[in-house]
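Dock chains R and L against chain E, hints included.
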Amino acid sequence: MTLLQVTALSKDFAGLHALEGVSFSAEPGKILGIIGPNGAGKTTLFNVISGIYPPTAGQILFQGKNILRMKPHRISHLGIGRTFQIVRPLNNLDVETNVLVAYGHRIYPSLLKSLRACRPPEALQEVRSLVERTGLKAYSKTLARNLPLGFKKRLEIARALALEPKLLLLDEPSGGLRFEESFQLMELIRVLRDQGIGILLIEHNMQVVMDLCERIVVLDHGSKIAEGAPREIRSNPRVIEAYLGREAEHA
Amino acid sequence: MSGYVVTILITITIYAMLAHSLNIITGHAGQISLGHAAFFGIGAYTAALFYTKAGLPFWLDVPLAALVAGVVGAVLGIPCLRVRDDFLAITTMGIGFVVEAVFLYIPFFGGAMGIGGIDLPMWGGREMTKSAYLVLILIVLAALYVLDYILGRSWIGLAWSSIREDEQAASALGVDIVRFKVMAFVLGSALAGLAGAFYAHFLTFIMPYNFGFGQSIMVLCMVVFGGIGTRWGPLVGAVLLGLLPEISRPIMEYRTLVYGLLLVGMMRFQPSGLLGADSILVVSFSRGLKRLRGGEAKP
Amino acid sequence: MIWQQLANGIAVGSVYALISLGLTMVYGILRILHVAHAGIYTLGAYVGLLSFRLVDNFWLSLVAGMVGAAVAGYLVERFLYTPILHLTRIAPLIASIGLFTAMEEAFRIVAGPHTLVYNARVGLGDLSIGSFRLTETQVLILLVSFLILLFLWLFLTRSKMGLAMRACALDLETASSFGVNVSAVIAMNFIIGSLMAGAAGVLIGVYDNQVWPTMGSIPAYKALAIVVLGGLGSIPGTVLASIVVGLSETFFIGVLSVPFPRDAVAFMAMILVLMFRPYGLLGKA
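Chains as they are written, first to last, in the working numbering: chain E, 1 to 251; chain R, 1001 to 1299; chain L, 2001 to 2285.
Extracted from the complex, chain E is given alone in its bound form (with noise of 0.2 Å):
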């Protein structure tokens, strides 16, 4: 079964063309590049995936199940875990906290167990070994705020994580980030697709996106218009008009 199925999806907002139509899947233990301008949607699709806010139109099948119209919350639930392009961690919590939120994903829907203390050694242990697994240890416990970026965005995998999501929405995981870190952050989404998970990836880095992944999907002004391995769509001239602009009509 696809893992993820999405199709025809559109979205508008107050007459701009957010997505238009887009259909595209992913697979586990898979890597799939979004790519396209500024402005294209990749970050709406997310968003729309991820269920911050409904399509206008189209279908999204996650395991075969509609996903559409349901909340974020129990989109996580399911098994999709996301990021965000510019980071969200619970600032005046510390790095082992964050994680355990998204640990707790299992336990809040009961109310009865939620009152339950919240760090018994289970939790703590599987909390700190994906602390561990993300590289965060000496962090773990940092105050998220004081983090420097870069961990702040392993911070953002380690909570996606503690969700046991079998889709990762990555949305530009190197952003802001130096060679070096971008390339142990890399690795680390190596291991996780190695792992099993099914991953969409956003990125603007065009090596790290012709690296990682097997397949590739460019968007752009809301519409996909290629999709192939890294080879082909390197040298799709549809895409290389949308990235440089087009030429003609600004002669």
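In short, the hints are calculated from the structure, not lab data. The reader is advised that the hints may include incorrect statements.
What the hints assert, rightly or not - For lysine-lysine, the following BS3-like pairs were computed, each having C-alpha atoms within a straight-line distance of at most 30 Å:
id, chain 1, residue 1, chain 2, residue 2
1, E, K137, E, K113
2, E, K166, E, K141
3, E, K137, R, K1290
4, R, K1290, E, K141
The following block gives chains R and L in isolation, referenced to the frame of chain E:
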């Protein structure tokens, strides 16, 4: 203890309960409520009506008052908490005005004259003394702190702090923000209603103007002054702001002005309140402590 | 008959616009609900009245009220809001409510709790065409509001500062990265908003012939309802909503004699519109 002192203490204890209940909504769950006195009033009027019109004893009408206040909180909260923060502020303000108007204009609630004839509870065949009443409500207040401790350690408390920090991020992390916001709102409203019931039986008569916007501001002030979101802040705020007008006549005259200026001053200079993490008090206290322990202040 | 009510409604609506625009402009740029704005409105009325008592001239008192309000608005922005913007979202709101409360009390203490009379006259006399009649004060309201709103429109669309203000309202970060002096823009929003609120205070003071400490209470929440109705941060939305509320109040109460508290109309309209358009008439997500 003189009757006057007991009266003051009872008033402060009730305010502490009220401030604590607002702290659950505003401090723990991070939702602004500018109409909290409405639930204080709903509790007071419910207890008063059940007592005077239905003849129910204190021991029944008080829990009923909390229940009714909680239910109203749920009914009003569910649609209101779906909207953005800013809208919530306006909406809760509106709720405050509407509820006060209901008490004032609908004859069933006694109009401007309010409701009278609400007595102190019976215990062992006789009416309780004020001192005994004080002990009773202090016990209830203590129980509320135990509850606060349990909630603070629980997953609910964790969910609330995530909502307080960043709602949308919390939602993406699996927290049902509407559900938890409503939970805080309902609990806060119910406890405010409880305080209102105790207030009614203590004052023995209640009027609409006890429960208007001015009261909502006063409670907010207590919470802010003591420290929003801290466990003991509301108590400190209630004690200090409750005592102040009693100690100083001029301040009693101008208390609304004082409350307003206090809110402004606190937000500008000590936003985390007296007991908040960044307050002058806390910082100098912990520095003093370090000095005591280490023998010398570390650079 | 209908023209009369229309004129009445528009007069009321235009004053509402003068008050509410300040709120929406501040929200548009700082995302703060500037509740204390109603206090500035009241301040404008008192300053105007004071000036009128001194110089016995409506126009001068109007200018004085506007300037007094503008100064107050600027001080509030500079010394209260801007320093606490980095705190939690509710901090500026709480500060604003505290300030409003304190201001009303201050007016009561300084000027006394009773209503004061503001009977300014310009000598125009009333306007009568058959059974259609506009009192002198209504003419003044329509005239002054129209001029102010015209100036505002010209300013926002034709001047450099106006353009900067609109850019900042759209996206503060981007505007700042284009070199816009954000701090000056913020101050300008408050100054202009307060100028208009001060004018509204004087106009209402003269129209009702009354100035009293809590005259800002009802406008405080009515303006909030109007601003939400029109779409938080949308200037055209606020103007539209103000006229809608002004006309609704006049028609429902004046014409249809619906037994409904006049001041609740704004809230009802807000709730009704929010059900179908959750961001207000002209608001955006």
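We went through each hint and held it up to the structure:
1. E:K137 with E:K113: 28 Å, holds
2. E:K166 with E:K141: 28 Å, holds
3. E:K137 with R:K1290: The hint holds at about 28 Å.
4. R:K1290 with E:K141: Within the cut-off at roughly 21 Å; holds.
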